[in-house]
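A.B. asks: Those protein sequence lines, which keep their order, are chains A and E. Counting from 175, one number per residue, gives the positions in the first sequence under the numbering used here. Counting from 779, one number per residue, gives the positions in the second sequence under the numbering used here.
Hints should not be assumed to be uniformly reliable.
[Unchecked claim] 25 Å max Cα-Cα, derived DMTMM-like pairs, lysine to aspartate or glutamate:
(1) Lys-1012(E) - Asp-921(E)
(2) Lys-177(A) - Glu-927(E)
(3) Lys-310(A) - Asp-267(A)
(4) Lys-310(A) - Glu-298(A)
(5) Lys-1005(E) - Asp-924(E)
(6) Lys-948(E) - Glu-205(A)
(7) Lys-948(E) - Glu-890(E)
(8) Lys-1012(E) - Glu-927(E)
(9) Lys-948(E) - Asp-206(A)
(10) Lys-1005(E) - Glu-927(E)
(11) Lys-931(E) - Asp-921(E)
(12) Lys-310(A) - Glu-271(A)
(13) Lys-948(E) - Asp-971(E)
(14) Lys-179(A) - Glu-927(E)
(15) Lys-310(A) - Glu-235(A)
(16) Lys-310(A) - Asp-971(E)
(17) Lys-948(E) - Glu-298(A)
(18) Lys-310(A) - Asp-252(A)
(19) Lys-948(E) - Asp-297(A)
(20) Lys-1005(E) - Asp-921(E)
(21) Lys-310(A) - Asp-826(E)
(22) Lys-310(A) - Asp-297(A)
(23) Lys-1012(E) - Asp-924(E)
[What the hints assert, rightly or not] Here are some, though not all, of the chain E residues that point toward chain A, as calculated from beta-carbon distances under 8 Å:
(24) Trp-858
(25) Pro-891
(26) Gly-894
(27) Val-898
(28) Leu-957
[To be verified] Take a look, some chain A residues computed to stay more than 12 Å from chain E by CB distance:
(29) Ser-218
(30) His-219
(31) Ser-223
(32) Ser-247
(33) Ala-254
(34) Asp-258
(35) Tyr-280
(36) Leu-282
(37) Gly-285
(38) Gln-288
Don't read these hints as lab results, they were simulated from the structure. Just so it is clear, CB atoms sit at the ideal spot from N, CA and C, and this is done for glycine as well.
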Amino acid sequence: MAKRKTQRLYFVLLGGLAVATGIALVLTAFEDSIVFFYSPSEISHQELSPGQRVRIGGLVEAGSVSSAGDTVSFIVTDTAETLDVTYRGILPDLFREGQGIVAEGYLLASGVFQASDVLAKHDETYMPPEVAEAIKAAGEWRGDDT
Amino acid sequence: MHAFANPTRFLKLAAAIQPWAAGLCILCFAIGIPMALVFSPPDYQQGDTVRIMYVHVPSAWMGLFAYGVMAAGSASYLIWRHAVANMIAKASAPIGAMFTALCLLTGMLWGEPMWGTPWVWDARLTSMLVLFFLYLGYMALGDAFDSPEQGDKAAAILALVGSVNLPIIKFSVDWWNSLHQPSIFSMAGVSVDTAMLAPLFLMVGAFQFYYVVVVFMRVRAQVLAAKVRAARLKRAT
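Take the sequences, apply the hints, and build the full model.
C.D. replies: See below:
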């Protein structure tokens, strides 16, 4: 009886190991499809066909946002490389300079990224406005400029 | 552990714990809900939308926790034929499914104003949706056989196979870049202000005690249903 239990224990452990290995291999193989967006540095290494839709993500560079009519253009940076983005439409509430965003669209021949959707990315920092003010006043602010 | 393989002994223990768990659940809700919805400060960026977090994060945690219990119970049923462990696993499934659904719904409500979209197919959101389907599959598979024992075994195997999803959900925001924000707990510490962390933990506590109360209720119902079935069989023969 005890022998059968040990057998079943090993069977479950081996089965679990096999499933985990299989899933790990699949996830590694599909890594490119699972990432939600590319950073500006990664996009320059991607071989994209003209008009191919991709998502890019990074921080909106401070002072780079300009709008003409309903077209907004801004620079997305990952602090190493930058990408010029143009977009026509309504931006989400959290879109600010220094804020993380994800944009979906395609690269124009000029190297400018034409976005059709812009999403705001929220980070994991949560604090009351007074605390944010106090940190800024103390000059310890490491986040975005708001 | 094996002492509690006896349902009667387990129910005795459950009956002793249950009133305490129920009391703590009500206490945590009574302090947690007003704190979360009224007295905690708004966020510097999200404003009052941050209050969705006090339901979203505890539901997400409970979705994962209930699945962990379900997988552990299934393993001990498959290996040691621990009957009560299987009952706990079966009792956890609908509770976990409900919390996972609540997590997905509150996430969408938050995503619409904050991200600009209720849903994206990034790694975190997709793996959480898979968790919801695993719960549904577990419940459906358990009932899909003529003999209850066969159904229990098939469902237990599904629960174990599906448990690889738990680390994927947890680390999805670290392994791949995603729209969903990373965990508030990191090596650098907690990135949530104390004034918001207190109601968050109270809500986690309330959900956790709620789970304990309901799991014990459901296990008792299963034990009683088995007794009724046995009595009927006896009378029929």
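A.B. asks: Can the restraint linking Lys-948(E) and Glu-298(A) be considered satisfied, given a maximum Cα separation of 25 Å?
C.D. replies: Holds, because 15 Å separates the two Cα atoms, which is no more than 25 Å.
A.B. asks: Within 25 Å, alpha carbon to alpha carbon, are Lys-948(E) and Asp-206(A)?
C.D. replies: holds (19 Å)
A.B. asks: Would you check whether the claim that Gly-285(A) is not at the interface survives, using Cβ distances to chain E and the 12 Å cut-off?
C.D. replies: Since the minimum Cβ distance to chain E is about 22 Å, Gly-285(A) lies beyond 12 Å and the statement holds.
A.B. asks: Next pair to validate is Lys-310(A) with Asp-297(A); report whether the Cα-Cα distance is within 25 Å.
C.D. replies: Judged against 25 Å, a Cα distance of about 17 Å means the pair holds.
A.B. asks: Lys-177(A) and Glu-927(E) were given as a pair; does the straight-line alpha-carbon distance stay at or below 25 Å?
C.D. replies: Distance of about 22 Å is within 25 Å: holds.
A.B. asks: Would Ala-254(A) pass as off the interface with chain E, using Cβ distances and a cut of 12 Å?
C.D. replies: Non-interface label stands for Ala-254(A): nearest chain E Cβ at 15 Å, farther than 12 Å.
A.B. asks: Does Ser-223(A) sit more than 12 Å from chain E, CB to CB?
C.D. replies: The assertion about Ser-223(A) holds, with a minimum of 22 Å to chain E.
A.B. asks: Sort out whether Asp-924(E) lies within 25 Å of Lys-1005(E), counting only the CA atoms.
C.D. replies: holds (19 Å)
A.B. asks: Checking one constraint from the list: CA of Lys-310(A) to CA of Asp-252(A), max 25 Å. Satisfied?
C.D. replies: holds (23 Å)
A.B. asks: Between Lys-948(E) and Glu-205(A), is the straight-line Cα distance small enough, at 25 Å or below?
C.D. replies: Holds, at roughly 17 Å.
A.B. asks: Between Lys-1012(E) and Asp-921(E), is the straight-line Cα distance small enough, at 25 Å or below?
C.D. replies: OK: Lys-1012(E) and Asp-921(E) at ~23 Å, within 25 Å.
A.B. asks: Find the nearest Cβ of chain E to the Cβ of His-219(A) and say whether that gap is larger than 12 Å.
C.D. replies: holds (15 Å)
The structure agrees with every numbered hint stated previously.
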